[in-house]
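Quick mapping for you: the protein sequence lines, in order, are chains S and R.
Just so we're aligned, residue 1 is where the first sequence starts under the working numbering, counting upward by one.
Just so we're aligned, residue 1 is where the second sequence starts under the working numbering, counting upward by one.
Be a bit skeptical, because a hint or two may be false.
Copies of the same chain look alike in the list, so a pair counts if it works inside one copy or between any two.
[Stated by the list, open to error] Straight-line C-alpha distance at most 27 Å; calculated DSSO-like pairs for lysine-lysine: (1) K39 <-> K258; (2) K258 <-> K154; (3) K232 <-> K276; (4) K266 <-> K12.
By construction, these hints were calculated from the structure, which means they are not laboratory data.
There are 2 protein chains.
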Amino acid sequence: MKVAVLGAQTTKFGELWNNSPRALLKEAVSGALEESGLKISDMDAIFVGNMLSGILGGQEHLGALVSEELGVSIPSFKIEGACASGGLAMHQAVLSIISSYYEKVLVVGIEKMTDHKPEETTSALMGAGSDEERAAGATFPSLYALIARAHMEKYGTTEEQMAAVAVKNHYHASLNGKAQFTFPITIEQVLNSPCIAAPLKLLDCSPVSDGAAAVILSAESFALRNKKQNVKPVWITASQVATDSLGLAQRESLTSLKAVVSSSQKAYQQAGIKAKDIHVAEVHDCFSIAEIIAMEDLGFYHKGQAAKNIFMQKTRLGEKLVINTSGGLKASGHPVGATGVKQVVEITHQLQGKAGKKQVKGANIGLTHNVGGSGATAVIHILRNI
Amino acid sequence: MKVAVLGAQTTKFGELWNNSPRALLKEAVSGALEESGLKISDMDAIFVGNMLSGILGGQEHLGALVSEELGVSIPSFKIEGACASGGLAMHQAVLSIISSYYEKVLVVGIEKMTDHKPEETTSALMGAGSDEERAAGATFPSLYALIARAHMEKYGTTEEQMAAVAVKNHYHASLNGKAQFTFPITIEQVLNSPCIAAPLKLLDCSPVSDGAAAVILSAESFALRNKKQNVKPVWITASQVATDSLGLAQRESLTSLKAVVSSSQKAYQQAGIKAKDIHVAEVHDCFSIAEIIAMEDLGFYHKGQAAKNIFMQKTRLGEKLVINTSGGLKASGHPVGATGVKQVVEITHQLQGKAGKKQVKGANIGLTHNVGGSGATAVIHILRNI
Numbered sequence: 001m002k003v004a005v006l007g008a009q010t011t012k013f014g015e016l017w018n019n020s021p022r023a024l025l026k027e028a029v030s031g032a033l034e035e036s037g038l039k040i041s042d043m044d045a046i047f048v049g050n051m052l053s054g055i056l057g058g059q060e061h062l063g064a065l066v067s068e069e070l071g072v073s074i075p076s077f078k079i080e081g082a083c084a085s086g087g088l089a090m091h092q093a094v095l096s097i098i099s100s101y102y103e104k105v106l107v108v109g110i111e112k113m114t115d116h117k118p119e120e121t122t123s124a125l126m127g128a129g130s131d132e133e134r135a136a137g138a139t140f141p142s143l144y145a146l147i148a149r150a151h152m153e154k155y156g157t158t159e160e161q162m163a164a165v166a167v168k169n170h171y172h173a174s175l176n177g178k179a180q181f182t183f184p185i186t187i188e189q190v191l192n193s194p195c196i197a198a199p200l201k202l203l204d205c206s207p208v209s210d211g212a213a214a215v216i217l218s219a220e221s222f223a224l225r226n227k228k229q230n231v232k233p234v235w236i237t238a239s240q241v242a243t244d245s246l247g248l249a250q251r252e253s254l255t256s257l258k259a260v261v262s263s264s265q266k267a268y269q270q271a272g273i274k275a276k277d278i279h280v281a282e283v284h285d286c287f288s289i290a291e292i293i294a295m296e297d298l299g300f301y302h303k304g305q306a307a308k309n310i311f312m313q314k315t316r317l318g319e320k321l322v323i324n325t326s327g328g329l330k331a332s333g334h335p336v337g338a339t340g341v342k343q344v345v346e347i348t349h350q351l352q353g354k355a356g357k358k359q360v361k362g363a364n365i366g367l368t369h370n371v372g373g374s375g376a377t378a379v380i381h382i383l384r385n386i
Numbered sequence: 001m002k003v004a005v006l007g008a009q010t011t012k013f014g015e016l017w018n019n020s021p022r023a024l025l026k027e028a029v030s031g032a033l034e035e036s037g038l039k040i041s042d043m044d045a046i047f048v049g050n051m052l053s054g055i056l057g058g059q060e061h062l063g064a065l066v067s068e069e070l071g072v073s074i075p076s077f078k079i080e081g082a083c084a085s086g087g088l089a090m091h092q093a094v095l096s097i098i099s100s101y102y103e104k105v106l107v108v109g110i111e112k113m114t115d116h117k118p119e120e121t122t123s124a125l126m127g128a129g130s131d132e133e134r135a136a137g138a139t140f141p142s143l144y145a146l147i148a149r150a151h152m153e154k155y156g157t158t159e160e161q162m163a164a165v166a167v168k169n170h171y172h173a174s175l176n177g178k179a180q181f182t183f184p185i186t187i188e189q190v191l192n193s194p195c196i197a198a199p200l201k202l203l204d205c206s207p208v209s210d211g212a213a214a215v216i217l218s219a220e221s222f223a224l225r226n227k228k229q230n231v232k233p234v235w236i237t238a239s240q241v242a243t244d245s246l247g248l249a250q251r252e253s254l255t256s257l258k259a260v261v262s263s264s265q266k267a268y269q270q271a272g273i274k275a276k277d278i279h280v281a282e283v284h285d286c287f288s289i290a291e292i293i294a295m296e297d298l299g300f301y302h303k304g305q306a307a308k309n310i311f312m313q314k315t316r317l318g319e320k321l322v323i324n325t326s327g328g329l330k331a332s333g334h335p336v337g338a339t340g341v342k343q344v345v346e347i348t349h350q351l352q353g354k355a356g357k358k359q360v361k362g363a364n365i366g367l368t369h370n371v372g373g374s375g376a377t378a379v380i381h382i383l384r385n386i
């Protein structure tokens, strides 16, 4: 299977109090359409990734809302899977093209999180967790803190090593004009930042963000004949999803996300590659520990080996395998429904050689890793430019 | 294209205070699996239709929740499109099978609406409407009342004719042990019931309901070799979706739903049939006027002709074209995310000859018509047994 990415764009991510969700939507979509050389009227269907519009804004039915806002009346769907909503929308869009039902589709991820009181947003995000976790008053920082403690205990992972994830991602974000945080930070700053849920400090955590991201996908046959604007298609060669329990208490392990292991193994098989063939990846670093575990679960490092390699800057721009060139969720920002789509935008630009200062030289194969909740949903996409 | 329905079941619909959402889910799914002769471990993916779990219950991420609850860890997706969530979940499931990504899939629609204060539920349902409608304090009865007034003005439709829709659907529901209201009503009872939003009375309106519905779908090739339990597959020969504006004010017409016209015309074309070939249909009668307009938009009657024919009992059990044998949303109940799936359950049973007292004799071709909001989303499925 081969599905083409013809255009991809994000808005700036951040605390965008002056931008309505509709304005963010239009900005991302028009950017992606412009790259593709296509018009909205060329689209056959729309897939919207969003988590919180209902809980926080009382607005559901976003499929029809987005279609109307863009001035078309085509089939339009909202897909929700917590922070993996964007990745799941990508997956459904890919399937819809492979089914030959739709030829050219728009995928848009969007979230507006900063217009609400922080405690409302925190509570709404727990809609991704289990009943027990919500009843116990858990928050996602506290759940990932448990995961971090278990990983430290089992593999000797240190707070300095976790801090190195945030430092690297802030460095990458400093090269990304659309990132929420474009300032570099140091290990000391992370370690000295306020404790959120020990051992996680403020600078171990991804922020609350607004933003939208959009991609234009098409069938292979269309992409091959759509030469008018010198669009260099990037090809999605794998799209895989797996699930696990909503809550941590039901998991076999706290130091590995089973859904990531199984979906990534299927994705490598589908794409006919191995983990070592990946040049650049966007991984779901909602907390610094999450990137460390992702590097292991994705097969980039053996268990217990990722943290020290990240600390030695082996996944930073300039190295062989570069992780989160956008700045990741940590520094580029994490508007939850947009994140899975933004990851595809970043990898697309990397494989097209359009990533600017953060370009990974010679990047031909990339991967995106989008996680919902504390690992209940995992979505992997593999993209290549050849 | 041909996708098989191998099993289909609903829970009872109603005010089910003793049944948790998880219990409803399991009951519908185990019923559908039993009919199909398959086990949950045979499934490759799950598509969940739900609208209100986030707004009313603070619980999102239902894909993973349902997968976990059923004891599997397969790809699982929540699709939301207001009251068309179930129909859209069906559509995505059909596409996923045609894409050959998944061979056997479970579709489940679920909603738990009665555990909340009525004003909370009413407000949550307006999440399907436009900003302006919500800001103006509109409710769905008021929006459909505007539609009813326009239809009465343009075509001379009467309150008695609208009442006849409810009378017929209560009669059908009296033959359906799983319906919310199993008592027959009279035209006089409808006309004398309390006014909700003139000209709509209480008995013109579908109720607030709890319930779940599930279907097991498979690829044609699997269905043809799955002979072990004498399962008589029913075939989905068309699945089409269209959208329109969220709000009424932006519509070209108040007396026709454009999304229904376009999606049904595409569906007839895809199935290679005409409206007159349909023997039995489940249509989205959220209010009595909605069934009248559906009969016209689906091509069963010319504009302005449906109401008088319904009043003359031409769409009642025993006639050539029978509408809403389940009792429809009006009398079978309307747990919003479940409705689009329940419609497919009813048509499947009709085409399998398993509809009991409400069986339409010789029914070979059926249609489902699921609408989101006041017509912003429309989903049409056509099924046949030959």
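The hints, checked one at a time:
no., hint, in the structure
1, K39 <-> K258, "between (40 Å within a copy, 23 Å between copies)"
2, K258 <-> K154, "within (17 Å within a copy, 60 Å between copies)"
3, K232 <-> K276, "within (25 Å within a copy, 48 Å between copies)"
4, K266 <-> K12, "neither (33 Å within a copy, 39 Å between copies)"
Of the hints listed earlier, the one the structure fails to meet is number 4.
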